[in-house]
Every structure is written in C-alpha cells, then in structure tokens.
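S.K.: Residue numbers (the numbering used here), protein chains in the order written: chain A, 1 to 215; chain B, 1 to 215; chain C, 1 to 215; chain D, 1 to 215.
Any given hint could turn out to be false.
Intra- or inter-copy, both count: the list cannot distinguish identical chains.
Dumping the calculated EDC-like pairs for lysine to aspartate or glutamate here, alpha-carbon to alpha-carbon at most 16 Å [stated by the list, open to error]:
1) Lys24 <-> Glu61
2) Lys24 <-> Glu127
3) Lys96 <-> Asp189
4) Lys133 <-> Asp155
In short, the hints are calculated from the structure, not lab data. Please read all numbers here as calculations on a predicted model, not as lab measurements.
4 protein chains.
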Amino acid sequence: MSGTESQIASGFAQTAASLSAVAKGFHARGWLLGTSGNLSAVVSRDPLRLAMSPSGVDKGELTAAQILLIDEQGQVLNVGAAKPSDETLLHLQIVKDRQAGAVLHTHSVWNTILSDLYATQRGISIEGYEMLKGLDRVRTHEHREWLPIIDNSQDMNSLANTIGETLARNPNAHGFLLQRHGLYSWGIDLQQAKRHIEILEFLLETLARTLEVKR
Amino acid sequence: MSGTESQIASGFAQTAASLSAVAKGFHARGWLLGTSGNLSAVVSRDPLRLAMSPSGVDKGELTAAQILLIDEQGQVLNVGAAKPSDETLLHLQIVKDRQAGAVLHTHSVWNTILSDLYATQRGISIEGYEMLKGLDRVRTHEHREWLPIIDNSQDMNSLANTIGETLARNPNAHGFLLQRHGLYSWGIDLQQAKRHIEILEFLLETLARTLEVKR
Amino acid sequence: MSGTESQIASGFAQTAASLSAVAKGFHARGWLLGTSGNLSAVVSRDPLRLAMSPSGVDKGELTAAQILLIDEQGQVLNVGAAKPSDETLLHLQIVKDRQAGAVLHTHSVWNTILSDLYATQRGISIEGYEMLKGLDRVRTHEHREWLPIIDNSQDMNSLANTIGETLARNPNAHGFLLQRHGLYSWGIDLQQAKRHIEILEFLLETLARTLEVKR
Amino acid sequence: MSGTESQIASGFAQTAASLSAVAKGFHARGWLLGTSGNLSAVVSRDPLRLAMSPSGVDKGELTAAQILLIDEQGQVLNVGAAKPSDETLLHLQIVKDRQAGAVLHTHSVWNTILSDLYATQRGISIEGYEMLKGLDRVRTHEHREWLPIIDNSQDMNSLANTIGETLARNPNAHGFLLQRHGLYSWGIDLQQAKRHIEILEFLLETLARTLEVKR
Chain A
1 MSGTESQIAS
11 GFAQTAASLS
21 AVAKGFHARG
31 WLLGTSGNLS
41 AVVSRDPLRL
51 AMSPSGVDKG
61 ELTAAQILLI
71 DEQGQVLNVG
81 AAKPSDETLL
91 HLQIVKDRQA
101 GAVLHTHSVW
111 NTILSDLYAT
121 QRGISIEGYE
131 MLKGLDRVRT
141 HEHREWLPII
151 DNSQDMNSLA
161 NTIGETLARN
171 PNAHGFLLQR
181 HGLYSWGIDL
191 QQAKRHIEIL
201 EFLLETLART
211 LEVKR
Chain B
1 MSGTESQIAS
11 GFAQTAASLS
21 AVAKGFHARG
31 WLLGTSGNLS
41 AVVSRDPLRL
51 AMSPSGVDKG
61 ELTAAQILLI
71 DEQGQVLNVG
81 AAKPSDETLL
91 HLQIVKDRQA
101 GAVLHTHSVW
111 NTILSDLYAT
121 QRGISIEGYE
131 MLKGLDRVRT
141 HEHREWLPII
151 DNSQDMNSLA
161 NTIGETLARN
171 PNAHGFLLQR
181 HGLYSWGIDL
191 QQAKRHIEIL
201 EFLLETLART
211 LEVKR
Chain C
1 MSGTESQIAS
11 GFAQTAASLS
21 AVAKGFHARG
31 WLLGTSGNLS
41 AVVSRDPLRL
51 AMSPSGVDKG
61 ELTAAQILLI
71 DEQGQVLNVG
81 AAKPSDETLL
91 HLQIVKDRQA
101 GAVLHTHSVW
111 NTILSDLYAT
121 QRGISIEGYE
131 MLKGLDRVRT
141 HEHREWLPII
151 DNSQDMNSLA
161 NTIGETLARN
171 PNAHGFLLQR
181 HGLYSWGIDL
191 QQAKRHIEIL
201 EFLLETLART
211 LEVKR
Chain D
1 MSGTESQIAS
11 GFAQTAASLS
21 AVAKGFHARG
31 WLLGTSGNLS
41 AVVSRDPLRL
51 AMSPSGVDKG
61 ELTAAQILLI
71 DEQGQVLNVG
81 AAKPSDETLL
91 HLQIVKDRQA
101 GAVLHTHSVW
111 NTILSDLYAT
121 QRGISIEGYE
131 MLKGLDRVRT
141 HEHREWLPII
151 DNSQDMNSLA
161 NTIGETLARN
171 PNAHGFLLQR
181 HGLYSWGIDL
191 QQAKRHIEIL
201 EFLLETLART
211 LEVKR
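For reference, chain A alone in the conformation it holds in the complex:
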C-alpha cells in the first residue's frame, strides 16, 4: 500500500463511521425512511475518492462496514461491497461543481410537500429568518435564499447535467430540491453539510406550517 493509499484507507475508515452516525440521526428524525436518501463525503481530492452509503440499505442500521469507496467515475473500489446508489453521479457532480467535502440527500415529508407546492415557481424563496445565518457565508437574517426546484428524473446523466446548470445559474445556493423527491445540500465538510440540512429542513417545515397556521 502506497502512502496515498494508506492515507485514503485511514481517512475512509473515519469518514465511514461519521457517515453512519449522521445516517442514524437523520433516520430517527424521519428524513431517511425506507432506505431512501444517501450520504457521501470526500476522502481524498487527488485522486478523488468518495465514501458513500450504498443502495437499498436501512439508514437506521447503516454500519461503517457497509459504506462504499467510490472513484471519480462512480465505480466502487472496495471488494465485495454492495451496489452503489443510482444517485452517485449526482453526488460527484456537486462535489466537483461546489468543491464540496460532503453531500447529503434527505427525503422528509416537508421537503417533499414543498418541492411539489412550489414546482411551478421553479424554486422557493426563504427570507428574513435568523436561522439562515447558519448557512455558509450568510452573516445576517436579512438574506434571501433561493432554493431551486428541479424536475425529477430517472435518467441520472441528464439529471446530473441539469443539476450542473442549476448550480451554475445559482452560485450562492446552499441546496436544491428535486420535485416530489427530496432535498440535496452540501458543505466544505460533513459537519457543515449536516448543519445545512438541519437548517434547510427547519426552514422548509417553518414555511409549510406557516401556510397552515396563516391560511
């Protein structure tokens, strides 16, 4: 094992354990039910190596041993490992376009509902909440976050391209929604990506419940 390989192996083991802990916490909140959603974090940049949850596993019982090591083409490198998620390409797209250190994707009841309710507007504007200050580079509640909504698709190459275009058009966005599907967010590391998901899920729930109360 070369020095780089040894560093990757060591970083992978630590990252896999952290991804497992985040997955269990989000599953408990109902954000990853029924094997939905996926989580990844960058283990090395050169060569690009991603630790990522596999397809079809119960996130409430996700162990570090189930985490896949993925290369920049989305191929699985660890022997005997499970099937990669169809959405691996989407994670790689975000990692490259945003220089993200981690990408998290949740299916919550509230993000599903709002991704549908605001689909014709192509996004949701979130403005004036203190909670926005938890997003990277936001310094005041007087911030307007535009959360783009993208049509859902089963064609992952096409969807990755659309995501690339959406990220390019919205350079300050901290996440996006796939219609009737879920939320993607990311961060410079897993800790920040987790913070972004918690904040966006909180704000989406707040917006949806405000509609119920004010209506």
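Given chain A's structure and the hints, the job is docking chains B, C and D onto it.
M.R.: Chains B, C and D only, in chain A's frame:
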C-alpha cells in the same frame, strides 16, 4: 428434536429477536401505541411456521421470549406462551396469498385518518413520488400505487376472505388499509416488510399534510 | 418492621422503579413537559398506600428515589421526601371510585386543545375506531367512548368532588379531561393505565388532525 | 489558584456537564438544529462568571469540554477555547436584569412561526392554561402571561439595550421572542430555566395548533 425441528427452533430464536427490535422502533414512532398492531415473520415454509407478536403486549417492551410460534391453522406451538392475536388469520392469509416472508400491521395517526377520509373511494391512489421506488419491483417515480381500503370487522374469518379477494383483485398492491383501523404491508423478508411500512407511512403522512397545506 | 410493612416496602421499591420508567417514556413524547402531570400506583389496599410522583420534578429525570409513599389521607410517609402534588387528592378519589391500581395524568398539546375545543359540549365522543378495543372491557370498534370534560379549578377538594360525581354519572368512562389542563386515565395496574393513556392520546390526536385535514 | 478560583473551576465543571445534557435533549426535540440557539448558566456572582455554549457547535454533540467560561464583559477566560456566541451580551443583560442563574435560547418551528404571526401586536398573550403554573411565582391557571416580541437585529449592543427596556417594562415576563428568530427564557437556576423553556414551547405549540384546528 429432528433436523427440521432444530432448524425451526434456531430460525425462530433469530426471527423473534428481529421482530422485537422492529416493534420497539415502530412503537417509538407512535405506530404501535397501546398494544395495538402486530408483527409476524415466516420461520419455515414446510411445515409453515410463523413467529408472531402475541395479543395485548406493550410493543415498546416486546421481548423475544414473548414471541409466539404459530402453525398454519393459527395454533400456538410454544408451551406456556401468551394468547395469540385475533388477527393471526389475517397474517396467515397474506403469507399464503403473497408468498410473504413477513407481515407488519401498524396503527398510525395518519393511516387511521386517511383510511377514513378515502373510505368511500375504496382506496387511495399514490402517484409520482420518488419514495415509491422503495416498493418492491417499482423502478420509477412514475408509478401509481393503489392502496385498497377494506371495511373493518371483528369477524376474522370473513375479514380474511375479504382480504384474500382484495389481494387477488390487486395483484400489484404492496399493502392495504382497514378503515379506521390501520395499515397492513408485507415483504419477502422482515427487512423488506419494514421498508414497505416506512415508505407507505411516509407517503400517507405526505398526502395528508399536503391536504392541510394546500387547502 | 411488620410483615405488612415489609411487603409494602418491597412493593413500593418495585412500583417506584416502574413509575420512573413510564415517566421518562411519556416525557420523551412531550406529554409531561415542564414538570407537568403526575403518576401514581397502588402499593397496598389495606392499608391504602400509593406510590406517587412528587410535585415540581422533571419527569424526564424522575428517579425511583424521588417517588413518594402516600397514605389514604394524602399524607407523605417516607422521611425526607419532597412535596406531594396538589393533585394527590384527585388520584386518591379515582383509586377509591374505580378500584384503580394506577392513575396517570398527562399534559399533551392535543389533549389540551381538545379539552378546550369541546368544553361547551362537556365531553368528547370517540366512536368507530379499532384502537378503542385497547380500552378495558371494549370488545369491538363499534363502541362509543364518552370522555367527559370537567372545568379546571385550583380548589382540590371541590375538584375531587366533581370528579367523583363525573365518575358516578359515567360508570364506563376510561378517562376524563380537565379543561385547558390535561387528561386523566387509570387501570387495574400500571401496565393497563399506560395502555389507556397511549390509546386516548392517540385517539385525541387522530380526532384533532382529522379536523385539520377535513376542514 | 485562590479559594474563589478553585470554587469557580469546580462549579464550572459541574455546570458545563449540565449544560451539555440540556443541549442534547433540546437538540433531539428539534429546538437547537443547525448549531442554532445557545445556553448559559452562572458559575459565580462575584466576580460574575458564566458557563456558556460557544458559537457554531452542533448542540446534539456539545461536550462539557467545549463550554466557555465568560466574564462580565463577555470575554472568554478559558485558554484555547472556541469563539463565543454573538449573543453573549444578551445573556449577560438578562442575567443582570433578572438576577437569573441560567439563560436558555431555542429556535423551534413553533416559536419562529408565532414570533412572526404576532409581531405587529408586539407580543403574545397566553391565558387560562394549567401549564402556566409551571412558571415561577404563578399559582393558578387564571394567569395572563405576556410574551413580548422584539424586532430581530444583528447589532448586539442595540439589541441588548432593547431587551433591557423590554424586561423593565414587563417585570413579570418569564421570556420573550425575537421576531423570526427564537425564544429566550431564564430561571433562578438551570433546572428552572429548562422548565420555563419546556412550558413556553408547549404553550406556543398549543396556541399555533389551536389556530389550525379552530380555523
């Protein structure tokens, strides 16, 4: 003890522990409150043997030692065991008609509400959600799941027959609702049945809350 | 220590541990926030001795050592113990009138809301739900449960009398609400009382959310 | 180390552990998501020393070792410690004006929604609930609690002044809201402050859901 009996005993012990773990998780989510609901899994096919939660126990404290071993007539085989659930016949009906390896039945607030709200339509149509892909053999969100609603009854023989007819008429259904009662789902094994329940509960909550937000 | 005293001491220790476990579970569900609510269970009938949670303690951290031993006049018998709850008299009233083995009182958001919304009707009718079968002596979902609502008061002698009259007028009731205050239920033992609370809380949440969805 | 310093160090260690426990519990309830909110408790009065959560940490994983020791000017005294929260001045203002022993600040969905819905009324009136009796010095449900709402701001000196004026005008208030930001409450010690937060969060959720059900 014959070879078959020994295999059944060993399989039963493992399955009972798994049923106990699923029961505690679902109870924590409020899907099995007040001793409601029940859980079963096939231990052997020939002869048919089912591991199943007994009647009237707190699912948040269900131990493997409380799980019953049931034969194909619904008789309890383990000595000194508790009373079987009235709904044992319904589990056996589903196991036979669907070749299911596990059957789970939950009483959630949302499945109770929607089983009543859509009772006159005799079912609920769920369409266009990514989450549907977690259901067995569904490959795209462009899927229409019909969740039949059956009148509630205390006559278990009659109810088992109605369920048999409903399953025959809806060969692709992954579950059904009993009106003002609860949700049944199943799978090839306990893991898949748990996944189906989580997905259907998620989708029912999403539909109900969408009604609240959009109204 | 006489034989009776020794039996009371032993029964008290076991009961105190069980009350602590139920308190923590209900606090986690948000039914006993902010030191609200109280729990009791009969340790002996002759003489009447009650194990009961003290006034003003955090139910999420309630230890068996904090549980009070109460006599039939509501006096605290264990030395150095904390202040008894103002509502001790209400527990004693229910224990005597219903021959209850345990009495539980919760403050949930849903029971608070419905105790107010239906106050002018003096009660809530709950009918046609399978979940009703979890209530003692109920054999079918075709049951109509009348949950009386009583005006709240800080005069505990007067309130105990009103509760006595309400229980006499509603011999089949499994619980009652105090307006803008909370739910009382009971059972032949702590296990049954816990089951009754879980069922009534479930049904109240179901009724309230049905109003939201159907409206 | 002088006697006073030794007492402060010992008190700080205990308080830091308690703050960590409260933070984890509140984070689990969704009241401190995404590193939002903050917690403090007085370690000594003369000199004034505050134990306080630092800026930008995950409250679900807050350890006692991360807690800051703060002086009366808001300066961090422990070596190598993390960045103090911007809202340190607000905690100090409340500690001085109310002789509080602990100050807690939560961002819940319900407090965010109501802080906005009632902003033009400059506060929320909460009246007639038994739960109010859990607030310090309240003896009956026939109490009217006025929860002031203050405009949000990123100017902490200005905001501290406004809070000082609001507390002076509302000498009996047990908390206040910052618009679209969150809830502040306090108590003579951490236990009472925790009780006050649980009660105010419960009452705000009850008011908001009552609007939904009654509407």
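S.K.: Evaluate each hint against the coordinates.
M.R.: Here is how each hint holds up against the structure:
With identical chains, the CA atoms of Lys24 and Glu61 are at most 16 Å apart both within one copy (7 Å) and between copies (14 Å). Within a single copy, Lys24 and Glu127 get their C-alpha atoms no closer than 30 Å, and across copies no closer than 28 Å, so neither meets the 16 Å cut-off. Within a single copy, Lys96 and Asp189 get their C-alpha atoms as close as 14 Å, which meets the 16 Å cut-off; across copies the closest is 39 Å, which misses it. In this homomeric assembly, Lys133 and Asp155 come within 16 Å of each other (Cα to Cα) only across copies, at 14 Å, whereas the closest approach inside a single copy is 35 Å.
The structure is inconsistent with hint 2 alone, although it conforms to all the rest.
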